[in-house]
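Please model the complete structure; the sequences and the hints are all you need to start from.
Read off the chains here:
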Amino acid sequence: MSNSSETLLRVSGVYTAYDKADVLQDVNLEAQAGKITCLLGSNGSGKSTLIRSLLGLTPPNKGSILFDGIELSGLPTHKIVETGLSCIPEGRRVFPKLSVEDNLKVGAYQEKDNTVVASRLKEVYDTFPRLADRKGQLAGTMSGGEQAMVSIGRGLMGAPKLLLIDEPSLGLSPLFVKENFNIIRRINERGITIFLVEQNVHQTLAISDYGYVLSKGSVVASGTPSELSSTKEVHDAYFG
Amino acid sequence: MDIGFLAQYLMNGLMLGMMYALVAVGFTLFFGVLDVIKFSHGDVLTVGAFTALATYLGLEQIGVTDPATQILVMVIVSTVLIGGLGAVIARTVILPLRSAPPLNTLLITLMLGTVLREAVRLFYPEGGNPKPFPALLPTDSVTFGNFNLRLDNVLMFGAGVLVIVGTQWMLNRTKLGLAIRAVAQDEETAKTMGINFNLIVFITFALGSALAAFAGVMNGLYYNEINFGMGLLLGVIGFSAAIVGGMGNLYGAILGGFLFAALQTIGAVALPFASAYKDVFAFAVVIAIMAWRPTGLIQEKVSDRV
Chain A
1 MSNSSETLLR VSGVYTAYDK ADVLQDVNLE AQAGKITCLL GSNGSGKSTL
51 IRSLLGLTPP NKGSILFDGI ELSGLPTHKI VETGLSCIPE GRRVFPKLSV
101 EDNLKVGAYQ EKDNTVVASR LKEVYDTFPR LADRKGQLAG TMSGGEQAMV
151 SIGRGLMGAP KLLLIDEPSL GLSPLFVKEN FNIIRRINER GITIFLVEQN
201 VHQTLAISDY GYVLSKGSVV ASGTPSELSS TKEVHDAYFG
Chain B
241 MDIGFLAQYL MNGLMLGMMY ALVAVGFTLF FGVLDVIKFS HGDVLTVGAF
291 TALATYLGLE QIGVTDPATQ ILVMVIVSTV LIGGLGAVIA RTVILPLRSA
341 PPLNTLLITL MLGTVLREAV RLFYPEGGNP KPFPALLPTD SVTFGNFNLR
391 LDNVLMFGAG VLVIVGTQWM LNRTKLGLAI RAVAQDEETA KTMGINFNLI
441 VFITFALGSA LAAFAGVMNG LYYNEINFGM GLLLGVIGFS AAIVGGMGNL
491 YGAILGGFLF AALQTIGAVA LPFASAYKDV FAFAVVIAIM AWRPTGLIQE
541 KVSDRV
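Line by line, the protein sequences are chains A and B. Take the first sequence: its position 224, counting from 1, is numbered 224 in our numbering, and each next residue is one higher. Take the second sequence: its position 73, counting from 1, is numbered 313 in our numbering, and each next residue is one higher.
None of the hints are false.
Mimicking BS3-like on lysine-lysine, the simulated pairs with C-alpha atoms at most 27 Å apart in a straight line are:
1. 232(A) <-> 35(A)
2. 122(A) <-> 35(A)
3. 518(B) <-> 371(B)
4. 112(A) <-> 415(B)
5. 112(A) <-> 135(A)
6. 79(A) <-> 161(A)
7. 122(A) <-> 415(B)
8. 161(A) <-> 178(A)
9. 135(A) <-> 415(B)
10. 79(A) <-> 62(A)
11. 112(A) <-> 97(A)
12. 122(A) <-> 178(A)
13. 161(A) <-> 415(B)
14. 232(A) <-> 216(A)
15. 161(A) <-> 112(A)
16. 415(B) <-> 79(A)
17. 97(A) <-> 415(B)
Simulated from the structure, these hints should not be mistaken for lab results.
Written out as structure tokens, the structure is:
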């Protein structure tokens, strides 16, 4: 799967509006199976709206979101998640008054088989031994870096085909930001396709296979990391 | 005062506290998952009590006269039907008003309560009059001086404890409970974890309403009489109990329920010349507590750390 270049996610002609004001206008992009695809863009460019559209939280008004052969637009969020999509939301959004272990278990909510849940739990604890030490602690009482681990672990508990990661480095210390990018690469090496939304251009392009630049709700540039790092649009999107 | 007398008051307070706690748990569940206050809750309890009574009369008609069977069927029919009613209310009244200001939900559920109450009064045969409720539990008793411990009270209290412990266990130990708690804390993130939000709302409203129906049956068995207005005061008391305990907190609701009953009992004991004022006394103390601790006795421990 990771060597083929089949398209896992295809977004075509998506328009999304809040209160009738279009935020996304005719967005077209693809994510190849097994790869890391990134979406760059400054604040207010519509990145989070695109994630919300993919997840059905703010359904698109027009256009198609084809994921693994299934049309997602119009489906309720829990049905979308059922097709194999998982997300690590912006700001981590751990459940503050649930224990670390309960947070992780919610991530595997759609898995009926308890032995599967237990083995995924063990995998997450192997990846983040710190979480195993603190499984009974309320997630809301942990540090930002630890909450990031909970949020990432929770996203993995769903064993997704595609993992949406929204601004993982926001509000974290530089040291942990670097660690975070390493973790994302390791997740991808396990065969999970990643769609990464970020502001942090250099570190994002360093781990991505392909990227898009979003500005004012439209894709203004796309290409491989080396192509993108030299384009005018990337500079304009951030510094213009 | 005589110790046996006090024991009698204590027993009465425990019975009332259990009923209040059952109602308060419903309020706190609704507030937890949807941040709504559903003022028709007390009248849902009334409908539950009348459903149980109608079931009893139906069973008598078809010749089922074994009290144990009767009570079991009454409780099951009442909790299941009222649970369904709760889910229907959530579907048709509460969820469609989600994007409206919270005041609208308050107003609409207040009106819904009136509709339910008046429907019982008008459509139940002679619903305007108090109805005798059968004493189906064994009334054997042991007497210690002035204290008369009745078996039916012990059974009712035990059943109430089981229901509350069962609810607590479900919320904290099962996957469904985990989903309810996740939705209560962060609705949107819960959705992105694959939780069917609407379904969880329906289940929560069904559960809270079934608890109210159970309290209604308990009330009928305890006083051997029900009337169409019984839910009014029980609803207000259950709401106060939930608020005093700390809205959204299960243990707070239980604590609040028993606290209110304790206050009523203290009021009745301390003011023997004017025990009619026991509710006034209890509500006055509740007001004082709210002034002292505006967010309730069990406060939310909010962590702002990121």
